[in-house]
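Enquirer: Sequence:
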Amino acid sequence: MDLFAYIRSHIAIEDVVREYVALKPAGAYLKGFSPFKHERTPSFTVSPGRGIYYCFSTGNGGDAVDFVSKMERCSQGEAARILIERFHLKVPENLSCGLGELDGEQRQQHRKACAFFASWCSERLHKNVAAQAYVKVRGLTAATIAQFCIGYCPGGDLLSHFLRAARGEGILPSQFEESHLLVVGPMGTSFAFEDRIIFPIEDHMGGICGFGGRVFRPGDERPKYLNSRDHEQFNKKQLLYGLRHAKKAIQAKGMVYLVEGYIDCIAMVQGGYAATVATLGTACTSEHLALLGRYARQLVVLYDGDEAGQKAIMRLTQLCWQGNLDISVLRLPKEDDPASYLEKAGNLQGLGTPQDLFTFFISTQGGSLRGLPSAQKLEKTNEILRLVAQIPDALRCQLLLQQASEVFVLPVALLQREMERLTGGVRLSGIPSSGKAGEKRVKDKDSFVLDLLEERLFSVILTKGINIREEDRVFLTEQFSGVMKDLFCAWYTSNGQFDQFIASLSGEAKAAALRCASWGERGVTVATYEELLKQVRRRYWRDQLAHAKERLVGAGVEDKRAILEEVKKLQTLMVRRGFHE
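Residue numbering for the sequence shown is 1 to 581, as defined by my numbering.
If you're looking for bench data, these hints aren't it; they were derived computationally from the structure.
Computed cross-link-like contacts, SDA-like style, restricted to lysine to any residue with a CA-CA straight-line distance of at most 25 Å:
1. K31 x K510
2. K311 x E335
3. K253 x L332
4. K37 x G51
5. K112 x L89
6. K24 x R456
7. K380 x V412
8. K311 x L348
9. K112 x G168
10. K253 x G350
Derived DEER-like restraints, expressed as beta-carbon distance ranges:
11. K377 x A308: 17 to 27 Å
12. L422 x G496: 51 to 61 Å
13. V129 x A375: 51 to 61 Å
14. A5 x E72: 14 to 24 Å
15. K377 x E123: 57 to 67 Å
16. D326 x D220: 34 to 44 Å
17. P186 x R396: 52 to 62 Å
For glycine and all other residues, C-beta sits at the position ideal for the given N, C-alpha and C.
Using the sequences and the hints given, assemble the complete structure.
Expert: Dropping the structure here:
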């Protein structure tokens, strides 16, 4: 057994996939929306019994290591390391040889330094009266502080204590410098987050990779928030605060709240809204939306009620069509952020029902048009039309044009013509432009095409452990074509051992095998196999008959007599065997 086989045998693939995708039972399989592309009907399947996944939308498939490798865009070695850490596997010494090189020591050293710094700051919080008073004033409970590992980074007077403790854990000062937790300047070495409340930032797999720090003392004129600098191991555009804690609640509800700050996120969770995450002092990005789209179908934006918060919502409108999410907005009073509103109201019920993002955008922009010069009105109208043109859902696009028509008091036909002019006649939304109604959209073809009958038959053989008769094996070896022929022979050679069978394949053949193994049809029995086999035999006889008839064209008189006799015999045999023409 190699390292990858050991990981597969000790980690359930469904536990791995649930870190990224909300799954629901579907017979012997689990099903969810593809994490690889936008789709309206779930096509992503997981087979717990076989330890594999398959995405029918994209053709991606494989085991737990393959899945993490694709999701994290890393090598299989790096994916193995992630799984070992995430599930706390104790790898035997004979398999762990060279494990340190699988994804590089730099990432490991960074995570180790971050984990130590977070733990040490957590201890400092309980020993600093001013820091304790601040978190108490903000209404944070002991349970919340522990859940989010909130801490306090003191001044430089405790730096030597910190470094001694770190050395005891085998962590050198240079590692903290490389992780940007220590800063070396003209006056010596200091903490990057000196005298700030510390919020450890975890990736979605639970590893601490960075920090946020907030000033709290009266008169401290430094920037209110400080985040870890972006570097190879930490990218704010791809991280969401609180996601690791929120994932289960998000998957259970199918929705997620998005706020702007650490305190807002924590206040929401503490107030009973566990499915809440926050951006890290940056605007929401397409990477953020793609990440959330793995777990939820609905995103509710709850930004501050001030002008800056509203502008952030407007910027989000430009991205929302790219994600796999339905986005809506809860409008806060101008003077509030989520934390202050919850402190006063206790819940979000007073805010009413979330408003669809585009409806919010159009109504807000429409309200701002009043009193503007004609040129500015035209500019804002065109801005809205460009966004509507990018929506892939044709029906939704038409509904939004209708809404815009009512807000701007302009005919729908006029708005649609203007939208076509702005996009050069290219209908990104899929709505046929005038004069091109009925034009069919060309669908992408699969990288390989399988005969559906052969695919279904092999799928039943593969998933139901059919004991194939020798005469059927010989017949099917001759009848299967292309990649299916290769798969059938490989399955027979493996003696029905699925792991051995998959291990013997690569490329197109492996993708086809995973597809067949993921059909997951309920109620499929040996009788299904017999019926499909009968259809293959019927196809064989019909092909023989068609071939004989083709030979009649251009044949001489004597040859025609012989061919007609052959055709008659074939027809008789087909009737006897139940394969009517």
